[in-house]
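Peer 1: Knowing the structure of chain F, use the given hints to seat chain C on it.
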Amino acid sequence: MYGDTSIQKPMKIAKSGSPEEAELERNFQAKIDADIKIEANDWMPEAYRKTLVRQMSQHAHSEIVGMQPEGTWVTRAPSLRRKVILLAKVQDEGGHGMYIYSGAETLGTSRETMLDDLRTGKAKYSSIFNYPALSWADMGTIGWLVDGAAITNQVALARCSYGPYSRAMVRICKEESFHQRQGYELLITLSKGTQEQKDMLQESVNRLWWPSLMMFGPCDDDSPHSAQSMKWKIKRKSNDTLRQEFVDASVGQAKFLGITLPDPDLKWNEKRGHYDFGEIDWAEFYDVIKGNGPCNRERVNNVIKAHEDGAWVRTAAEAYAEKHAAKEDAA
Amino acid sequence: MSEKNWPLYEVFLRSRAGLDHKHAGSVHALDAETALEAARDLYTRRQEGISIWVVKSNHVHASDPVDNPSLFEPADDKIYRHPTFYDIPDEVGKM
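Sequences listed follow chains F and C, in order. By our numbering, the letter at position 110 of the first sequence is numbered 110, and the numbering carries on one by one without gaps. By our numbering, the letter at position 26 of the second sequence is numbered 1026, and the numbering carries on one by one without gaps.
The shape of chain F in the complex, shown without the other chains:
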């Protein structure tokens, strides 16, 4: 059980608002400024802890819910090769969720609490997973764009100030690279196929391009917590900076596939040394976050169902463990 372990419990506790707390806070910020990582049993401001729990649990939930859009295609993969790849990828997403829950738990919130919050809708997850995967091409586009956007974010997060989060990200980034490459390879195959396959590829990218750009979150001007997160080095780059990196990287990759990106305003800006791109539909973004995306209810219901369907397994495992513990006590 969490909380009774000295590798996680912060031992130094100061009264809120006391001079002692102010000094601890100064020392904390000095460590951050010197790029020294914070570990679980180090003192940290309560707001830092809360921000991390919220961000890490949302991140973990995104991995768990992210298994669903691709999971629906496992049985419909066109070849055994594609099927084993997709299975491994979906399994990885589950694993990534577990790495991050494991890291988040070191902050003093139990995994059950985090998962309860997902099931009751109190906690959010990335809005991209509230869009359906409608065609086989989506399996490629999700790898290329959705995982590509995730990697852009996660490479920055691998340098975040909280040790357990940073280490989980290093591990995840290594594995995500496979996710993006298998997706792009799938799309290359489609791009060399029949007209129908090429159309399927273009249609998929048209649908998923904008939601992928939304994955980086609101514009910097509308992102109220960003400044504090940057100061704490939880965030190392701003939403708009990361979004720009992603756009710049994607244009050439789209060209190679012989497809267009669905943005008439997308063009190279010599002066900035970056691509300009059109305005994101923020009304849609906030609407999906509020729960009105095409799949919000289905995604959460599946999470709840999986939990309920697994109840008998947990009960059996608990009965087994109790019986064996009793036997050991008797021996």
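Source of the hints: derived by calculation from the structure; they are not laboratory data. Keep in mind it's a predicted model, so treat the numbers as computed, not measured. Treat the hints with care, since some could be wrong.
Unchecked claim - Reference listing, derived: stretches of chain F covered by chain C, where coverage requires no fewer than 3 residues with Cβ under 8 Å from a Cβ of chain C:
#1 37–44
#2 90–102
#3 109–118
#4 316–327
Unchecked claim - Sample of chain C residues lacking proximity to chain F, with all beta carbon distances greater than 10 Å (derived):
#5 Val1060
#6 Asp1077
#7 Pro1083
#8 Tyr1086
Beta carbons are placed, not taken as given, at the ideal position from N, Cα and C, and that holds for glycine.
Peer 2: For chain C alone, coordinates are given in the frame of chain F:
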């Protein structure tokens, strides 16, 4: 719908023969046997380990970061404990 939390186990992996076990993360499990199985599923999907240790998290005792100055700073000014502190003429050869 909240249920009781299963015990937490810390997971250590030996990545290759000849290397130490290194902390990889943690899993929840009801006993050591299932903790090993969960650790295998979660932490060795890509040949990351050839041996796994699991230990209940509450069996690990950690030093308190508050004690760091008294524990670790005394080593800071003892440079004579390192081989590079000593000047040995080149003609002596490798030592």
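Peer 1: Does each hint hold? Answer for all of them.
Peer 2: Structure-based check of each hint:
| no. | hint | in the structure |
| --- | --- | --- |
| 1 | 37–44 | holds (count 4) |
| 2 | 90–102 | holds (count 6) |
| 3 | 109–118 | holds (count 5) |
| 4 | 316–327 | holds (count 6) |
| 5 | Val1060 | violated (5 Å) |
| 6 | Asp1077 | holds (20 Å) |
| 7 | Pro1083 | holds (27 Å) |
| 8 | Tyr1086 | holds (31 Å) |
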